[in-house]
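Residue numbers (this note's numbering), protein chains in the order written: chain A, 1 to 288; chain B, 1 to 288; chain C, 1 to 288.
Keep in mind the hints are simulated off the structure, nothing from the lab.
Misleading hints may appear alongside valid ones.
Note: identical chains are not told apart, hence a pair may lie in one copy or across any two.
[Unchecked claim] Below are the DSS-like pairs computed for lysine-lysine, each with C-alpha atoms no more than 30 Å apart in a straight line:
1) Lys256 x Lys209
2) Lys77 x Lys58
3) Lys235 x Lys2
4) Lys209 x Lys2
5) Lys209 x Lys235
6) Lys3 x Lys235
7) Lys58 x Lys3
8) Lys58 x Lys256
9) Lys209 x Lys3
10) Lys206 x Lys235
11) Lys235 x Lys256
12) Lys58 x Lys235
13) Lys3 x Lys206
14) Lys256 x Lys3
15) Lys2 x Lys58
16) Lys77 x Lys209
17) Lys206 x Lys58
18) Lys77 x Lys2
19) Lys256 x Lys2
20) Lys58 x Lys209
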Amino acid sequence: MKKILIQFDTDPLASTFDRVVAVDAGVEELFSYGGITPENVTGLVHGAIFTRGPAQLKNTAIFVGGSNVAAGEAVLKQVQNDFFGPMRVSAMMDSNGCNTTAAAAVAAAKQHVDLSAVEAIVPGGTGPVGQRVAQLLASEGASVTLVSRSIERAESACEAIRATTETGQLTAAGATTADETAALCNGKSLIIAAGAAGVCFLEAGKLSKLDETQVAIDLNAVPPVGIADIGAQEKANEHDGVICYGALGVGGTKMKVHRQAVSQLFESNDAVIDTAEIYRIALDVIAS
Amino acid sequence: MKKILIQFDTDPLASTFDRVVAVDAGVEELFSYGGITPENVTGLVHGAIFTRGPAQLKNTAIFVGGSNVAAGEAVLKQVQNDFFGPMRVSAMMDSNGCNTTAAAAVAAAKQHVDLSAVEAIVPGGTGPVGQRVAQLLASEGASVTLVSRSIERAESACEAIRATTETGQLTAAGATTADETAALCNGKSLIIAAGAAGVCFLEAGKLSKLDETQVAIDLNAVPPVGIADIGAQEKANEHDGVICYGALGVGGTKMKVHRQAVSQLFESNDAVIDTAEIYRIALDVIAS
Amino acid sequence: MKKILIQFDTDPLASTFDRVVAVDAGVEELFSYGGITPENVTGLVHGAIFTRGPAQLKNTAIFVGGSNVAAGEAVLKQVQNDFFGPMRVSAMMDSNGCNTTAAAAVAAAKQHVDLSAVEAIVPGGTGPVGQRVAQLLASEGASVTLVSRSIERAESACEAIRATTETGQLTAAGATTADETAALCNGKSLIIAAGAAGVCFLEAGKLSKLDETQVAIDLNAVPPVGIADIGAQEKANEHDGVICYGALGVGGTKMKVHRQAVSQLFESNDAVIDTAEIYRIALDVIAS
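Could you build the full structure based on these sequences and the hints that come with them?
Quick look at the structure:
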């Protein structure tokens with residue numbers, strides 16, 4: 001019986017990224033849907049759970065993606081509501097790679113600093129990846145400054161994260177220029193930049209002036225990158241005492257985590273692979 | 001040469017149900033389209049018939065689905081109009097499982113009662129499945145009461161069915177409450193409930209009070225089911241003298257019929273697998 | 001690692017034609033998108049180039065199709081803009097079969113006439129295929145009359161072609177009736193009819209009256225065909241001294257060219273298979 005992954009994407013066009021990774025994770029048949037909402041997903045979930053016997057349902061699974069984390073969360077919630085009794089399949093949500101990228105980045109950082117004692121900053125912290133990075137750092141006990149162009153949105157993201165974890169400490173900050181972001185980074189041991197493609201937070205030459213910074217990770221692979229001094233391919237390279245990771249440097253781990261998470265979907269028919277479970281997979285991948 | 005099934009779904013999102021069954025029926029490549037109408041299907045049919053030589057066209061086939069039977073019928077008709085000479089592929093229509101579910105249910109009933117002499121009732125009879133159930137019962141010679149909330153729609157469905165068969169007898173009935181439906185079921189030997197998800201026709205305890213009823217089949221798998229006294233998994237279980245089938249109990253046969261019908265599409269390039277042929281497959285599946 | 005082809009179709013529904021050919025060309029996973037524009041393609045290109053390592057990117061490729069050549073060209077241009085450095089995949093554009101059909105037709109004609117000295121006419125010359133036919137004929141040095149119902153559109157197509165080649169000679173002509181088209185065909189050695197389905201340029205009996213015509217090719221497979229005296233299946237058959245090809249007669253070569261071009265996409269990660277390269281493939285296919 002073939003392994004079928006059903007991709008529910010909340011964007012109009014289903015992500016090619018998630019499709020390629022699914023194929024490379026061993027999925028044999030991939031059903032991809034764009035434009036998925038909590039309103040239109042129920043019939044598709046019923047089709048998934050009523051076509052194979054309970055003992056075989058572990059061969060069907062659901063992946064929720066898209067660029068909007070809140071939309072993905074709402075779809076995953078509806079998917080779970082549509083299950084009942086043994087009629088269910090395993091599901092994961094990784095809208096815009098929020099979980100796998102964030103997990104890979106935080107797991108990478110954990111190799112170099114004690115996350116439970118670190119002062120961290122997350123420029124681009126209200127985006128899909130940034131919010132999960134901040135959540136995982138907080139769950140490890142870090143003090144996290146979450147930065148956005150809008151302090152209101154930063155504060156709102158912090159509040160959402162505080163609802164998921166009792167550890168760590170979250171501070172919202174607003175910055176509309178590269179200079180303001182650089183000033184906020186001063187004194188932080190860990191920087192994880194999680195902005196949109198083309199947004200530069202730290203211009204060339206700025207990184208070496210941040211004396212306290214031990215680890216800097218830039219998750220933007222599309223030039224101009226988020227931290228100009230870090231090449232997209234860099235992986236734990238040291239520049240002036242700062243251990244640096246570029247998006248593609250983290251991307252290798254992220255890819256393995258993403259593939260591993262998709263593979264795990266087919267081990268049972270009732271798993272929900274969430275942020276915490278994906279982070280656990282990332283720690284395993286880095287340790288292996 | 002790979003077996004390609006082209007799924008034309010009249011709903012915006014192509015059914016996962018039909019996709020999973022296609023994969024499990026041995027289809028090697030599945031091209032799924034949502035939002036198909038008679039107006040936009042022609043180019044897709046031409047692409048199907050002009051890409052492989054006539055001798056190889058049996059490796060390409062068309063499946064028409066979606067929740068709306070009339071829309072599916074219109075698409076199938078257009079598909080057939082777009083063929084010419086040897087440039088054609090086999091096609092089947094099973095909008096909302098109307099043909100396969102109805103065929104499986106009526107074939108199940110036929111094991112227990114003489115359909116040519118039975119008094120049957122079909123609550124939810126104007127829906128995609130219900131209409132085919134009533135049609136197949138009539139084609140076997142049964143007296144069928146087709147029930148809907150709207151007597152006008154019930155009458156309209158009966159007239160459509162009368163145009164397809166000269167045997168049997170069809171009576172339209174309207175019922176807006178569970179009590180009205182229960183009253184109509186009184187005196188009927190065979191009940192096949194074919195309502196929408198969540199519509200309960202016979203409440204708990206009602207089935208045992210229908211003294212004449214020999215067989216009761218509920219085709220709704222999503223709770224609340226259509227006949228409260230029948231579990232979705234039941235298959236020919238007897239309760240108080242009534243042989244009962246739930247949706248999943250019929251579903252096993254339906255699935256085999258659906259898979260078998262899809263497989264048959266690839267035996268030639270000119271088959272049209274319609275309600276009557278699917279019922280023939282169902283009788284074979286039950287006999288084997 | 002599986003060969004993935006990503007199909008970007010500018011029509012609302014991705015072409016079944018291109019999908020079947022992709023499967024028959026050995027593509028192992030086909031990701032099909034309809035409704036693609038330069039505005040929505042970038043995220044999908046990033047997903048294609050950021051999921052596999054540079055050394056493995058030759059296993060992913062992009063195919064741009066749809067019925068509108070200008071729209072396909074705009075998408076291909078955007079796709080190429082979205083690549084950077086080694087992060088790229090091979091790509092081809094064949095909107096409405098413009099390149100493969102035109103290449104197959106012109107390569108077929110080249111077997112029978114000296115294209116560098118021929119007087120050619122292309123009824124339906126502003127359509128997706130006709131424009132490429134005229135372009136390839138001109139690139140071989142032919143004198144080409146490009147015919148459309150609108151002389152303005154014919155002139156505009158000629159100007160676009162003149163920008164791509166310095167050889168040959170292009171003349172625009174308008175014709176709104178079959179008689180006008182027949183008059184224009186008088187004195188031409190080579191006719192390649194490239195009209196839309198159902199448009200007849202030369203009515204029955206007209207072909208034998210064109211004394212100078214040596215080769216006539218009709219690229220319309222859907223009756224009524226473009227040249228009534230040519231059967232769709234004909235392949236180099238002679239009628240009254242005219243060597244004739246119907247759409248399916250050319251179609252065999254077109255199919256091989258299309259499949260070969262798709263196969264070639266997976267030989268490297270940086271090929272752009274354009275009109276000229278596809279014509280080179282067509283000459284190879286015909287020679288072999």
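Status of the hints after comparison with the structure:
| no. | hint | in the structure |
| --- | --- | --- |
| 1 | Lys256 x Lys209 | neither (33 Å within a copy, 61 Å between copies) |
| 2 | Lys77 x Lys58 | within (19 Å within a copy, 38 Å between copies) |
| 3 | Lys235 x Lys2 | between (37 Å within a copy, 27 Å between copies) |
| 4 | Lys209 x Lys2 | neither (54 Å within a copy, 46 Å between copies) |
| 5 | Lys209 x Lys235 | within (20 Å within a copy, 74 Å between copies) |
| 6 | Lys3 x Lys235 | between (34 Å within a copy, 28 Å between copies) |
| 7 | Lys58 x Lys3 | both (8 Å within a copy, 25 Å between copies) |
| 8 | Lys58 x Lys256 | both (21 Å within a copy, 20 Å between copies) |
| 9 | Lys209 x Lys3 | neither (51 Å within a copy, 46 Å between copies) |
| 10 | Lys206 x Lys235 | within (19 Å within a copy, 69 Å between copies) |
| 11 | Lys235 x Lys256 | within (15 Å within a copy, 45 Å between copies) |
| 12 | Lys58 x Lys235 | between (36 Å within a copy, 24 Å between copies) |
| 13 | Lys3 x Lys206 | neither (48 Å within a copy, 42 Å between copies) |
| 14 | Lys256 x Lys3 | both (19 Å within a copy, 19 Å between copies) |
| 15 | Lys2 x Lys58 | both (10 Å within a copy, 23 Å between copies) |
| 16 | Lys77 x Lys209 | neither (45 Å within a copy, 41 Å between copies) |
| 17 | Lys206 x Lys58 | neither (50 Å within a copy, 37 Å between copies) |
| 18 | Lys77 x Lys2 | within (26 Å within a copy, 33 Å between copies) |
| 19 | Lys256 x Lys2 | both (22 Å within a copy, 17 Å between copies) |
| 20 | Lys58 x Lys209 | neither (52 Å within a copy, 41 Å between copies) |
Checked against the numbered hints above, the structure violates hints 1, 4, 9, 13, 16, 17, 20; every other hint is satisfied.
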